[in-house]
Each structure stands twice: as structure tokens, then as C-alpha cells.
Amino acid sequence: MTAIGRAVRAFALFWWDFLVGDTPELALATGAIVGLAFLLAGQRVVGAVLLPLVAAGFLFISTFRGRRRAPRS
Amino acid sequence: MHTSSTLVLVIAVFAASLVEMVEALTIVVASGVSRGWRSALEGAAAALVVLGLLVVVVGVPLIRYIPIDALRVIVGALLLVLGLSWLRKAILRASGHKDPHDEDLIYAETVAELGEEPPEDERARGRDGVGFAVAFKGVFLEGTEVVLIVVSLGAAQHRLGLAALAAAVAAVLVAIVGVVVARQLSEVPENTIKTVVGVMLTSFGVFWVGEGAGVHWPGSDLAIPVLVGFFVVVFFAFTAYMRTLLPGSATETSAPSGTSAPSGTSAPSGTTAP
Numbered sequence: 000m001t002a003i004g005r006a007v008r009a010f011a012l013f014w015w016d017f018l019v020g021d022t023p024e025l026a027l028a029t030g031a032i033v034g035l036a037f038l039l040a041g042q043r044v045v046g047a048v049l050l051p052l053v054a055a056g057f058l059f060i061s062t063f064r065g066r067r068r069a070p071r072s
Numbered sequence: 000m001h002t003s004s005t006l007v008l009v010i011a012v013f014a015a016s017l018v019e020m021v022e023a024l025t026i027v028v029a030s031g032v033s034r035g036w037r038s039a040l041e042g043a044a045a046a047l048v049v050l051g052l053l054v055v056v057v058g059v060p061l062i063r064y065i066p067i068d069a070l071r072v073i074v075g076a077l078l079l080v081l082g083l084s085w086l087r088k089a090i091l092r093a094s095g096h097k098d099p100h101d102e103d104l105i106y107a108e109t110v111a112e113l114g115e116e117p118p119e120d121e122r123a124r125g126r127d128g129v130g131f132a133v134a135f136k137g138v139f140l141e142g143t144e145v146v147l148i149v150v151s152l153g154a155a156q157h158r159l160g161l162a163a164l165a166a167a168v169a170a171v172l173v174a175i176v177g178v179v180v181a182r183q184l185s186e187v188p189e190n191t192i193k194t195v196v197g198v199m200l201t202s203f204g205v206f207w208v209g210e211g212a213g214v215h216w217p218g219s220d221l222a223i224p225v226l227v228g229f230f231v232v233v234f235f236a237f238t239a240y241m242r243t244l245l246p247g248s249a250t251e252t253s254a255p256s257g258t259s260a261p262s263g264t265s266a267p268s269g270t271t272a273p
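Here the protein sequences come in this chain order: A and B. Following numbering that gives the first Met the number 0, the numbering of the first sequence begins with 0 at its first residue and continues without gaps. Following numbering that gives the first Met the number 0, the numbering of the second sequence begins with 0 at its first residue and continues without gaps.
Please keep in mind that the hints were generated in silico from the structure rather than gathered at the bench. We treat Cβ as the ideally placed atom computed from N, Cα and C, and that holds for glycine. Incorrect hints may have been included.
Listed below are several chain B residues computed to face chain A (Cβ distance under 10 Å; list not exhaustive) [said to hold, decoys possible]:
hint, residue
1, Leu77
2, Ser84
3, Arg87
4, Ser94
5, Lys97
6, Leu147
7, Gly209
8, Glu210
9, Gly213
10, Val214
11, Val233
12, Phe237
Some, not all, of what chain B presents toward chain A, calculated at C-beta under 7 Å [stated by the list, open to error]:
hint, residue
13, Ile90
14, His96
15, Val205
16, Trp216
17, Leu226
Let the hints inform the model, and build the full structure from the sequences given.
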């Protein structure tokens with residue numbers, strides 16, 4: 000691999016780790032919220048209520064996944 | 000643009016910069032104490048210059064060449080990723096599922112890693128390559144997140160200068176306090192500040208994604224403080240619930256072992272945070 004190739008790979012890996020890392024569900028959440036926002040374009044109350052609720056829902060899932068667990072006996 | 004969103008922008012950028020620069024200061028102080036102050040300070044200054052250039056090189060073209068609605072969706076998405084991540088860590092820390100950020104521990108570990116004296120020839124020149132590199136890397140990596148926040152919030156509101164100024168003031172403030180006390184700032188309530196920033200970034204992220212995509216927010220920019228209030232409530236509610244799931248808590252011990260975990264998520268403790 001050339002020096003440029005290595006640099007590009009390192010750059011891509013840095014951003015992947017920075018933005019996705021070990022919480023891919025949050026990247027997925029962002030994609031879902033963006034998609035939903037376009038679906039709800041022009042809406043007033045529905046969009047304003049649903050978008051934060053969906054964000055909170057994904058946050059709950061991600062936080063739940065990250066909890067400490069008791070060691071299995 | 001309403002005063003409320005400008006105020007939230009300044010607070011979010013200032014707090015994010017403050018907390019990241021406190022972390023960077025820990026590494027710079029550790030590098031300075033272990034390998035010499037000249038190299039550590041040069042490394043930190045070089046990183047700050049590169050970060051400042053990044054704001055200009057990335058931020059100015061964003062404002063000039065990308066249509067405002069597309070820009071808002073892009074920066075909103077970026078803020079959402081960062082904000083949800085900060086908020087997640089804040090909830091896990093506040094509920095006891097993750098250890099709090101500990102500057103004293105990071106300082107001790109960095110000093111131990113850098114413990115060796117610089118080579119004789121480098122000491123004679125007053126410079127140390129390792130000390131420079133560690134300080135540069137510490138400030139650059141901690142500052143990258145601040146740059147993203149400055150560029151995102153600043154570009155979306157066309158207030159790049161104000162956002163950069165808020166971040167710079169926080170960095171200078173941390174540097175001055177660091178010089179005065181000449182040690183890492185372990186007394187700064189980092190976890191609380193990170194919670195505030197997480198709430199604000201998530202609120203801005205949801206707002207800008209909706210705004211850019213064409214969702215009409217009731218009250219326009221006044222929806223931002225409402226979103227902030229909503230995510231504050233979410234933070235406290237989730238934290239309270241997560242406390243009940245701590246191993247050894249009454250709720251957790253009364254449930255059969257493993258019943259609360261969805262399949263495929265049984266990572267050992269401590270593996271969830273970078």
C-alpha cells in the first residue's frame with residue numbers, strides 16, 4: 000500500500016472510530032432521525048413531537064446496552 | 000436568529016471547549032512535568048494552531064458553498080452523533096454503570112508512561128520529541144471534537160466567528176488557570192459539564208435536522224430551549240432507571256440472572272466506552 004493509501008485509510012479509520020466507534024446504534028439513530036425528518040417535512044406538531052421522542056428512544060436502547068452486568072455464575 | 004439559540008450556542012461551545020481543554024491540560028502538564036515544559040508547551044501551541052486552521056479551512060467553505068438547508072441537515076446529523084454519545088456516557092456515569100472521568104488517574108498514567116528522562120542531546124537543546132508529540136496529540140485529539148462542534152454550530156447559524164471565540168475563550172481560561180495552579184484541574188466538574196453539553200448538542204442536532212429537512216418547529220428557534228428541557232428530563236429519567244439496573248441493586252437482584260439483557264449484548268463491564 001502506498002503512503003497516500005495508508006494515509007487515506009488512517010484518516011477514514013479515525014473518523015469511523017470517532018463517529019461510529021463502539022456505539023453503531025447511535026449512528027443508526029442519526030440516520031433514522033434524518034430519514035424520518037424528511038418523511039415529516041411540512042408537518043408541524045407531528046415532526047416536532049416525533050423527532051425528539053425517536054432520539055430519546057435510541058438513546059435509551061444504547062444506554063441500556065452499555066449497562067454494567069452482574070458476572071454470570 | 001433569536002437570542003435564545005445564540006445563547007445556547009455560546010454555552011454549548013464554551014462548555015465543550017472547557018471540558019475538552021481540561022482533559023488536554025492534564026496531558027500537557029503530565030508531559031511538561033515528565034519531559035520538560037518547553038517541548039510540552041510548543042506541542043500544545045502547535046496543536047492549537049492546527050485546530051484553528053481546521054476551523055477556517057473546513058468552516059468557511061461550508062458556510063459559503065453549501066446551501067443552508069443541506070448544511071443544517073449535515074451539521075444536525077453530526078451534532079446528533081456527538082450529542083447522543085456524550086449524553087449516553089453522562090447517563091452511564093451518573094447512574095454508576097461507568098466510572099467517572101478521573102483527571103488524577105489520567106495524569107498518573109501519563110506521567111508513568113513518560114517517566115523516562117529525555118536523551119542527553121535533547122535535554123541540552125531544551126527540546127524533547129516525545130514530550131512535544133504527546134502534548135500535541137493530547138491537545139489535537141481533545142480539540143478535534145471542539146472543532147467539530149464549533150464548525151457545526153457556527154456554520155448552521157452563520158455564527159462561526161462567535162462559536163470560535165467562545166471556544167478560544169474557554170481554552171485561554173483553562174490555560175490561565177492551569178498556569179496559576181500549575182497542575183491538572185481535577186476539581187472541574189467534568190461529568191456535569193459533559194451532561195450539559197450532551198443535552199445541548201442533542202437538542203441542536205434534532206432541531207437542525209428537522210429544520211433542514213423542512214419540519215416546521217412551533218415557535219421557530221424558541222423550540223430549542225424546549226428541546227433542551229425535554230432532554231434534561233430524559234437524562235434524569237434514564238439515569239434514575241439505569242440506577243435500578245446496577246448489579247446488586249434491589250431490582251436487579253430480584254430478577255433472574257440474565258433476563259434483563261437482550262441477546263447479543265452481553266459485553267463485559269467496562270467494554271462500552273472508548
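These are the hints, each one checked on the structure:
A least Cβ separation of about 8 Å between Leu77(B) and chain A falls short of the 10 Å threshold, and the interface hint therefore holds. Hint on Ser84(B) holds. Least Cβ distance to chain A is approximately 6 Å, under the 10 Å limit. The criterion of a C-beta within 10 Å of any C-beta in chain A is met by Arg87(B), whose closest approach is roughly 5 Å, and the hint holds. Given hint, Ser94(B) at the interface with chain A, holds; its Cβ is 8 Å from that chain's nearest Cβ, closer than 10 Å.
The criterion of a C-beta within 10 Å of any C-beta in chain A is met by Lys97(B), whose closest approach is roughly 7 Å, and the hint holds. For the restraint placing Leu147(B) at the interface with chain A, the shortest Cβ-Cβ distance is roughly 8 Å, inside the 10 Å limit, so the hint holds. Proximity of Gly209(B) to chain A holds as hinted, the smallest CB-CB distance being about 5 Å (cut-off 10 Å). Because the closest C-beta pair between Glu210(B) and chain A is about 9 Å apart, less than 10 Å, the hint holds.
Below 10 Å, beta-carbon pairs count as interface contacts, and Gly213(B) has one with chain A at about 3 Å; its hint therefore holds. Taking 10 Å as the C-beta cut-off, the interface hint given for Val214(B) holds, the closest approach to chain A being about 4 Å. For Val233(B), the interface hint holds, since its Cβ comes within 10 Å of a Cβ in chain A; the closest pair sits about 5 Å apart. Checking Phe237(B) against chain A by beta carbon gives a least distance of about 6 Å; that is within 10 Å, so the hint holds.
This hint holds: Ile90(B) has a C-beta 5 Å from the nearest C-beta of chain A, less than the 7 Å allowed. Here the hint on His96(B) is kept, as its CB sits about 5 Å from the closest CB of chain A, short of 7 Å. For the restraint placing Val205(B) at the interface with chain A, the shortest Cβ-Cβ distance is roughly 5 Å, inside the 7 Å limit, so the hint holds. Hint status for Trp216(B) relative to chain A: holds, with the closest Cβ pair at about 5 Å, below 7 Å.
Proximity of Leu226(B) to chain A holds as hinted, the smallest CB-CB distance being about 6 Å (cut-off 7 Å).
When the structure is compared with the earlier hints, no violation turns up for any of them.
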